[in-house]
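J.: Line by line, the protein sequences give chains A and B. Mapping of the first sequence onto the working numbering: residues 1 to 331, in sequence order. Mapping of the second sequence onto the working numbering: residues 332 to 662, in sequence order.
FYI, nobody ran anything at the bench for these hints, they're computed from the structure. None of the values given here were measured: they were computed from a predicted structure. Treat each hint with caution, since some may be false.
[Stated by the list, open to error] Which bits of chain A does chain B cover? Going by a derived footprint, with three or more residues having C-beta under 8 Å, they are:
1) 89 to 102
2) 113 to 126
3) 186 to 196
4) 294 to 302
[To be verified] In silico DSSO-like cross-links for lysine-lysine, where the CA-CA straight-line distance does not exceed 30 Å:
5) B:Lys579 to A:Lys281
6) A:Lys281 to A:Lys269
7) A:Lys281 to B:Lys639
8) A:Lys308 to B:Lys639
Virtual Cβ for every residue (Gly too), placed ideally from N, Cα, C.
Protein chains: 2
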Amino acid sequence: MIPGRCVVDVMRGDVVESSHQVHVAVCHAEEGLVASAGNPAHHSFVRSAIKMFQVLPFVEAGGMGHFQLTSEELALCTASHSGELFHVAAARSILAKAKVGEGALACGPHLPLHEPTAQAMIAAGETPGRIHNNCSGKHAGMIACCVQHQWVTNGYQRPAHPLQQRIRSTLARWMRIDADDMEVGVDGCGLPTFAVALDAVAEGCARFAAVATQDGSGPATIVQAMTSHPEFVAGTNRLDTDLMSMTKGRLFAKVGAEGFYCAGVPTMKLGIALKAEDGAKRAAEPALLAVLHLLDALTTDELSRMAKYAEPEILNTRQEVVGRVRTQLEF
Amino acid sequence: MIPGRCVVDVMRGDVVESSHQVHVAVCHAEEGLVASAGNPAHHSFVRSAIKMFQVLPFVEAGGMGHFQLTSEELALCTASHSGELFHVAAARSILAKAKVGEGALACGPHLPLHEPTAQAMIAAGETPGRIHNNCSGKHAGMIACCVQHQWVTNGYQRPAHPLQQRIRSTLARWMRIDADDMEVGVDGCGLPTFAVALDAVAEGCARFAAVATQDGSGPATIVQAMTSHPEFVAGTNRLDTDLMSMTKGRLFAKVGAEGFYCAGVPTMKLGIALKAEDGAKRAAEPALLAVLHLLDALTTDELSRMAKYAEPEILNTRQEVVGRVRTQLEF
Numbered sequence: 001m002i003p004g005r006c007v008v009d010v011m012r013g014d015v016v017e018s019s020h021q022v023h024v025a026v027c028h029a030e031e032g033l034v035a036s037a038g039n040p041a042h043h044s045f046v047r048s049a050i051k052m053f054q055v056l057p058f059v060e061a062g063g064m065g066h067f068q069l070t071s072e073e074l075a076l077c078t079a080s081h082s083g084e085l086f087h088v089a090a091a092r093s094i095l096a097k098a099k100v101g102e103g104a105l106a107c108g109p110h111l112p113l114h115e116p117t118a119q120a121m122i123a124a125g126e127t128p129g130r131i132h133n134n135c136s137g138k139h140a141g142m143i144a145c146c147v148q149h150q151w152v153t154n155g156y157q158r159p160a161h162p163l164q165q166r167i168r169s170t171l172a173r174w175m176r177i178d179a180d181d182m183e184v185g186v187d188g189c190g191l192p193t194f195a196v197a198l199d200a201v202a203e204g205c206a207r208f209a210a211v212a213t214q215d216g217s218g219p220a221t222i223v224q225a226m227t228s229h230p231e232f233v234a235g236t237n238r239l240d241t242d243l244m245s246m247t248k249g250r251l252f253a254k255v256g257a258e259g260f261y262c263a264g265v266p267t268m269k270l271g272i273a274l275k276a277e278d279g280a281k282r283a284a285e286p287a288l289l290a291v292l293h294l295l296d297a298l299t300t301d302e303l304s305r306m307a308k309y310a311e312p313e314i315l316n317t318r319q320e321v322v323g324r325v326r327t328q329l330e331f
Numbered sequence: 332m333i334p335g336r337c338v339v340d341v342m343r344g345d346v347v348e349s350s351h352q353v354h355v356a357v358c359h360a361e362e363g364l365v366a367s368a369g370n371p372a373h374h375s376f377v378r379s380a381i382k383m384f385q386v387l388p389f390v391e392a393g394g395m396g397h398f399q400l401t402s403e404e405l406a407l408c409t410a411s412h413s414g415e416l417f418h419v420a421a422a423r424s425i426l427a428k429a430k431v432g433e434g435a436l437a438c439g440p441h442l443p444l445h446e447p448t449a450q451a452m453i454a455a456g457e458t459p460g461r462i463h464n465n466c467s468g469k470h471a472g473m474i475a476c477c478v479q480h481q482w483v484t485n486g487y488q489r490p491a492h493p494l495q496q497r498i499r500s501t502l503a504r505w506m507r508i509d510a511d512d513m514e515v516g517v518d519g520c521g522l523p524t525f526a527v528a529l530d531a532v533a534e535g536c537a538r539f540a541a542v543a544t545q546d547g548s549g550p551a552t553i554v555q556a557m558t559s560h561p562e563f564v565a566g567t568n569r570l571d572t573d574l575m576s577m578t579k580g581r582l583f584a585k586v587g588a589e590g591f592y593c594a595g596v597p598t599m600k601l602g603i604a605l606k607a608e609d610g611a612k613r614a615a616e617p618a619l620l621a622v623l624h625l626l627d628a629l630t631t632d633e634l635s636r637m638a639k640y641a642e643p644e645i646l647n648t649r650q651e652v653v654g655r656v657r658t659q660l661e662f
């Protein structure tokens, strides 16, 4: 296979001001790597882009039924949410159903990603709590999983905890790698995160997508929750939410920190993993859309409806359009 | 000359999570290019990194004496300031001395870069004005320059205005390039910005640094203002301020948006221009310090005193150290 390339340029006027290299791997559930750009074996931390795998052990163990969780609450378990009021309420609801207090959350506090919500909190003199962490839904789900299995909740974020061990082996199984080969780092929210080659992540996503076509499977339940309630997966004016709202269940997408993205197209049995080499979100978002379009998973019309993410304008402080972002992609 | 390299890695644990390529040109005032990394002819917008050249026509025309500007106010004219109270007060003072209102500023409003100041404004229900723009000092100086020359102040930010024409020819003269060859873009604050090769910018900085050793020259007045009042050039917990405070007049440094940096070492007649290819400030700052250290413009002890910029720790939301930034530089 001839190596492709994916370059995201930030233009000011007609001049390239800054440039991002993006590595892309696209796998088919049965055929393996079917398309790539840059280095499809690029090795980096998967961060929040694999939250659908992190919640899988909980779903497969019947956690949804055990706690009477709603589909919205499951979507929040896969979220890097914006800390809007409905996100925080759903995270609190999961904890209440598990009969655990907010103090059990291991993630640290930060202001909501949703700017108006953050400013309203500052104006009201409120201090953000752990519940506002963009990962609080995932953490609430993990705590519920511990409660269900009668595992100690204290320290659930530690690599040696049975929950994290189960998540690690789940990831390894879906990505067909040796669990002992995955290098471990500490994620922004305190959980273990793993360094994996993009093509292995893409293969995991492809198999997850393929199994998601089988009603009643864990992946089907998770993908249905994400695509039916995409506002719980990210939030207002966020790519994952707007993309999954538009495509109505045809695909799932999940952002991770430092320019990582995972996506899957169940009916095509395709999985995608990409990473902006320098960690820039402003490169990962247009790259994901360009990849989906080139794979015919998005129509040209749909791509143009996502223009504010695919080809965002650069505004200056005078609100003048002074440039734009463009993506060059070849497989 | 064998091409060198400058790579800034963002490590999570022991794994490289993200990587930045940085292009560097180092020139001597008489000898031209003396060291480089990446592509020393890399072409990009100089943005705010050349503010000392933008204020030079004003200083050389006697603007300081004409308006009885203080050295602190001149430093603010070269600043990308943090919008702290003393910055805003100094910008207002320049405008008052020029007998012009804040409405004359062409830069757009944004919240102060200094987070506590921004949060205090939000908490008090205050809306940011043009005076809070990080470039308001430069703009105030430009307006004063127009008043002095009896040029119309309205539209002073337009490329065809006599002030911008004079700044353009000043830049071209110091950088030894043809003014007509410089591609123009619109900067974040609405002023023209120019796309120039790094080695030309570095040569301009080297000549500026060399002339700054001659007391009474325009560059000497500007460098003395920047290095005597570095808190006016950036602000609290900003690299330019802390670096120039520590080095007590031995060098000047000025950040620009999108990972651009200029610096000069007068006694060594050296000028430095660098650009993180992807526009990342988190790469440009450690790269600048590594370059200054390799040039012996910073001692190892001084580099270690700048560790929070040279090798910053990565904290997660739990305030745990989960990684760090490292720079690999070879000329």
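J.: It remains to establish, for every hint, whether it holds in the given structure.
T.: Now for the hints, and whether the structure bears them out:
1. With a threshold of 8 Å between beta carbons, the proposed coverage of the segment 89 to 102 of chain A by chain B is violated, since 0 of its residues qualify and at least three are required.
2. Remark: the segment 113 to 126 of chain A is confirmed as covered by chain B, as 4 of its residues place a Cβ nearer than 8 Å to a Cβ of that chain, reaching the required three.
3. Given a C-beta distance limit of less than 8 Å, the hint that chain B covers the segment 186 to 196 of chain A holds, as 7 residues qualify and 3 suffice.
4. With 0 residues having a beta carbon nearer than 8 Å to a beta carbon of chain B, the segment 294 to 302 of chain A misses the requirement of three or more and the stated coverage is violated.
5. Restraint check for B:Lys579 and A:Lys281: the C-alpha separation of about 38 Å exceeds 30 Å, so the hint is violated.
6. At most 30 Å may separate the alpha-carbon atoms for a hinted pair to count; A:Lys281 and A:Lys269 meet this at roughly 26 Å.
7. For the proposed pair A:Lys281 and B:Lys639, the alpha carbon gap of about 24 Å is at most 30 Å, so the pair holds.
8. Between A:Lys308 and B:Lys639 the alpha-carbon distance is near 35 Å, which puts this suggested pair outside the 30 Å criterion.
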